[in-house]
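Chemist: Below, each chain spelled out in residue letters.
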Amino acid sequence: MKDIYAWAAIGLIVLASTTGDVLLSYSMKRVGDVGELWRRRGVLAIVGRMLATPTFVLGLMAMAVAFYSLLFGLSWGNLSLVVPASASLTFVATAVAARIFLHERVGRRRWIAALLVAGGVVLMAV
Amino acid sequence: MTFRKCLVLAGITVFSTAGDSLLARGMKDLGNVNVSLHNLSPLLLAILNPWVTAGIVLLLTFFACYMSALSWADLTYVLPATSLGYVLVALIAHFSFHEEISPTRWLGIALIAAGVGFVAAGPSVTLDRQHRNFQDASRDAVSQEVKS
Numbered sequence: 001m002k003d004i005y006a007w008a009a010i011g012l013i014v015l016a017s018t019t020g021d022v023l024l025s026y027s028m029k030r031v032g033d034v035g036e037l038w039r040r041r042g043v044l045a046i047v048g049r050m051l052a053t054p055t056f057v058l059g060l061m062a063m064a065v066a067f068y069s070l071l072f073g074l075s076w077g078n079l080s081l082v083v084p085a086s087a088s089l090t091f092v093a094t095a096v097a098a099r100i101f102l103h104e105r106v107g108r109r110r111w112i113a114a115l116l117v118a119g120g121v122v123l124m125a126v
Numbered sequence: 127m128t129f130r131k132c133l134v135l136a137g138i139t140v141f142s143t144a145g146d147s148l149l150a151r152g153m154k155d156l157g158n159v160n161v162s163l164h165n166l167s168p169l170l171l172a173i174l175n176p177w178v179t180a181g182i183v184l185l186l187t188f189f190a191c192y193m194s195a196l197s198w199a200d201l202t203y204v205l206p207a208t209s210l211g212y213v214l215v216a217l218i219a220h221f222s223f224h225e226e227i228s229p230t231r232w233l234g235i236a237l238i239a240a241g242v243g244f245v246a247a248g249p250s251v252t253l254d255r256q257h258r259n260f261q262d263a264s265r266d267a268v269s270q271e272v273k274s
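So the protein lines, in turn, are chains G and C. Once you know that position 27 of the first sequence is 27 in my numbering, the rest is easy, because the numbers rise by one and skip nothing. Once you know that position 85 of the second sequence is 211 in my numbering, the rest is easy, because the numbers rise by one and skip nothing.
Keep in mind the hints are simulated off the structure, nothing from the lab. Model, not experiment: these values are computed from the prediction. Where hints are given, some of them may not hold.
As the list claims (entries may be wrong) - Rough simulated footprint, nothing fancy, chain G against chain C, three-plus residues with beta-carbon under 8 Å:
| hint | region |
| --- | --- |
| 1 | 146–152 |
| 2 | 193–200 |
| 3 | 231–240 |
Unchecked claim - Coverage of chain G stretches by chain C, computed from C-beta distances (three or more under 8 Å per stretch; other residues unrestricted):
| hint | region |
| --- | --- |
| 4 | 20–28 |
| 5 | 32–38 |
| 6 | 105–117 |
Yeah, the Cβ is synthetic: ideal placement off N, Cα and C, and Gly gets one too.
Hey, can you work out the whole structure from these sequences and the hints?
Modeler: Spelled out as structure tokens, the structure:
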């Protein structure tokens, strides 16, 4: 029974952190090149722009959901299951989501990389 | 890829790893406390621990680097950099603290390093023309604001 809870938490972590990453990436593309903004308008302008972007705030919330799901997942499942499973699945899910929602060209090179990194993260935790 | 952008990517790896390690160190001081939805005070008090405070500061720095990188690079380009932290921790544990690394973990290190290398060797931005124009448009808006 605890396994089901742990996997439910893992699913929620993957969903929330993928959503958060996609929203944050989308927002920062709208904010524009931060280095350039810094030179032209100063650091406060960057913070103001970020907070004025609704998707940025939503992305932060999604990240908070992912963080708390991780805390609860860790109380239901083993550290050695929850952390690598959620981290590696997030890499693959993010590559899919970035292709669909952000229109990034995830070519063969990046698919291979996502799978390599996901596999590597699992092996590091074994 | 300019030197400054490389520094930002390195900052993502270093600050997230160091921040996580300091947080873990601080939480160890607190011992095995019972945290539940009805009893969140231990989590709030944890901020007073210097290790935890330092960890949070480093994680905020990580977040700044991460957001900066996402403003000029693809998500699928930046994300693998976050996983280099696992490699960094293992290598530090091995060479500074002489911990044994099992063959499976070495294989994991090799896979992550290969994956990051694969992505880093490619272009950092692959947005199609429509979205690149969108980005240029927002940049033009900035320069116009500056002029006015």
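Chemist: Confirm or reject each hint.
Modeler: Do the hints match the structure? See the list:
1. 146–152: violated (count 0)
2. 193–200: Our answer is that it holds, as 6 residues pass the Cβ test (under 8 Å) against chain G, meeting three.
3. 231–240: holds (count 9)
4. 20–28: holds (count 5)
5. 32–38: holds (count 6)
6. 105–117: holds (count 11)
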